[in-house]
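Peer 1: Given these sequences and hints, build the entire structure.
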Amino acid sequence: MSPGKRTSVPAPSLTYGEGRRRPAGAGRRRGVDLLPYALVTPLALFILGLALVPAAFTIGGAFFRMQPLDPPTRFTGIENFRDLFSDAAVRSTIGNTALYVVIGVTVSTVMAILMAIILQQKFTGRGVLIAVLILPWALPGVVSAIVWSTIWDSNAGLLNSVLTSFHLIDHYQVFLGQSPLVTILAIELVQIWQIAPLSTLLILASLQNIPGELYEAANLDGCSPWATFRRITLPLVRPGITIAMVQAVIVTLNVFDQPYVLNGAASTGASLNMQTYFISFQNLDFGEGYALSLLITAATLVVSFGVLKLVYRPVEF
Amino acid sequence: MKRRKPWFRRFGVLFILLWSLVPIYWAVNASLQTDQQISSKPAHYVPPTPTLANYVSLLGGSGALPDSVRRSSLNIFIECGAATIVTVLLSTLAAYAFARMKFRGRNVLFYSVLATMAFPAYTTLIPLYQILTRFGLVNTYTGIVLVYVSGFLPLATWILYNYMSSLPVAIEEAGQVDGASRMQVLWHVVIPLARPGIVSTAIITFLFAWGQFLFPLVLSSDLSTQPLTVVIAALQGRHVVPFTLLSAAGVLAMAVPAVIAVMLNKHIVSGLLTGSVK
Chain A
1 MSPGKRTSVP APSLTYGEGR RRPAGAGRRR GVDLLPYALV TPLALFILGL ALVPAAFTIG
61 GAFFRMQPLD PPTRFTGIEN FRDLFSDAAV RSTIGNTALY VVIGVTVSTV MAILMAIILQ
121 QKFTGRGVLI AVLILPWALP GVVSAIVWST IWDSNAGLLN SVLTSFHLID HYQVFLGQSP
181 LVTILAIELV QIWQIAPLST LLILASLQNI PGELYEAANL DGCSPWATFR RITLPLVRPG
241 ITIAMVQAVI VTLNVFDQPY VLNGAASTGA SLNMQTYFIS FQNLDFGEGY ALSLLITAAT
301 LVVSFGVLKL VYRPVEF
Chain B
1001 MKRRKPWFRR FGVLFILLWS LVPIYWAVNA SLQTDQQISS KPAHYVPPTP TLANYVSLLG
1061 GSGALPDSVR RSSLNIFIEC GAATIVTVLL STLAAYAFAR MKFRGRNVLF YSVLATMAFP
1121 AYTTLIPLYQ ILTRFGLVNT YTGIVLVYVS GFLPLATWIL YNYMSSLPVA IEEAGQVDGA
1181 SRMQVLWHVV IPLARPGIVS TAIITFLFAW GQFLFPLVLS SDLSTQPLTV VIAALQGRHV
1241 VPFTLLSAAG VLAMAVPAVI AVMLNKHIVS GLLTGSVK
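Listed in order, the protein sequences are those of chains A and B. Following the working numbering, the numbering of the first sequence begins with 1 at its first residue and continues without gaps. Following the working numbering, the numbering of the second sequence begins with 1001 at its first residue and continues without gaps.
If you are wondering where the hints come from, they were derived from the structure by calculation, not from laboratory data. Just to be clear, a hint being listed does not mean it is correct.
Stated by the list, open to error - Derived, one-sided and incomplete: chain B residues facing chain A with beta-carbon distance under 10 Å:
| no. | residue |
| --- | --- |
| 1 | G1012 |
| 2 | F1015 |
| 3 | N1029 |
| 4 | Y1045 |
| 5 | A1097 |
| 6 | M1101 |
| 7 | K1102 |
| 8 | F1103 |
| 9 | V1113 |
| 10 | L1125 |
| 11 | T1157 |
| 12 | R1182 |
| 13 | S1247 |
| 14 | M1263 |
| 15 | K1266 |
| 16 | V1269 |
Unchecked claim - Quick list of simulated restraints, FRET-style, between CB atoms:
| no. | chain 1 | residue 1 | chain 2 | residue 2 | range |
| --- | --- | --- | --- | --- | --- |
| 17 | B | A1255 | A | P71 | 41 to 49 Å |
| 18 | B | N1107 | A | R82 | 39 to 47 Å |
| 19 | A | V128 | B | A1255 | 15 to 23 Å |
Said to hold, decoys possible - Covered by chain A, according to a simulated footprint, are these stretches of chain B (three or more residues, beta-carbon under 8 Å):
| no. | stretch |
| --- | --- |
| 20 | 1082–1093 |
| 21 | 1198–1212 |
| 22 | 1251–1259 |
Idealized CB from N, CA, C, for every residue including glycine.
Peer 2: This is how it looks when you write it as structure tokens:
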């Protein structure tokens, strides 16, 4: 990156600009070709200043006692991590977040596979259906939470009304904030509503790569639809399923908007990122916030990589 | 797969429609009712006497509530618009360099940009807050837009890189043979050819920016910069706002992205898929 930061003096230089293989104009430039550096410098500055440097802050800050209202800042080794693990609130959000991830990744992936199989076929109205499908993806997490709060609500919610009409419950229920499992399920369903469309598109793209002859051959050999699905479709869409699952891992492990809006600070549904927010911006304990951020990031990378190893198989047609 | 039974497809189509639309319908339905109507059990599945009263109290007249809704709507448009323009501009330039030029440090930079996409965005929440505080940029449009741009640049660059790499080089070479400079080639040849990719990138960036919540929650401290999402989430938290009014606020905040998603869905789909190849 360094040679290109300065956009002055194109004069003779020790570095060799790799201007070969550009048929026209190659003769014009002898020294370092500065144009590419000029083009990428803004991007490089943004990535360096607002992604890499902050990331280094997070890694370093995790090992410091850093409380803006109560200086000084000093190195404390792993004390922030020790404090985190001895905090019951943090431990309960670890469990909650694990549930969000397991439910979110499993349900969104299964739903996405089924919806992608529907959309793989040709039928009138397919284009409209895809527009309808991606609608929830396009809405802010906050909005999806408010929209679904009108379904879960204990006084005027759709679910209570429907369940009562079918005599499945005899009086209106409170779904959020009572049992942790029900609360987390209800909240995660809202996030699945938001992420399943992208998973569906990713898997659909993979499905459309599968050559039609394979299905014809399977059909000639008398394979049942289920056998065809198990033996042809599923193995060959693994790349699409992998990307879908990895993006689901990243967003579910970092869930914030939906539990924050639907359930507030209540411990029944609080996620790890909500805890980071409370620690950093309500308790103003940045050091501990950094430590928790670092743990969440590490967990995200490890789980994503695990899913990648487990699910991905290269596919060649 | 070709010979799925029709019931499977009909059921699937019905499921997708209900799954995507029922929650939205229910929020719209609630937003058009009065408080008394919405408390009826069982609920009214269509508004008995549709009323826009909730929207009027959110947007019309003076008072703390309509003032905050109007101001935060303005804020969200400014922040999303600015972030989209800057992101698309910078990512177009960088993607062109990555797709068509060789230079020292190219791979290092390219892979660092891609690597940032594997990290959760919230990794940098606290440091960005501290950095913006240091430069006096907390609670300013500039601060929020800078953070948005840094967050969206990697995906935008990746989508445009893939798009530009798929364009035939021959046309650009013809341009260069005719004596055009590379910037002229970029402006007169590459950008027009890459227009569909640029449009997709702009739409996706705008939608991402519109959906932001935790970053502006932390980075803007009052109505001078708070976007609509932060203001309506605060309504929900207070529990004093009537249910019907809250629904109307939700509908209001979803109107713009919903219209974009429905009208421009082909661009969104192609952009998302260009960003996911390999």
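Peer 1: Which numbered hints does this structure break?
Peer 2: none
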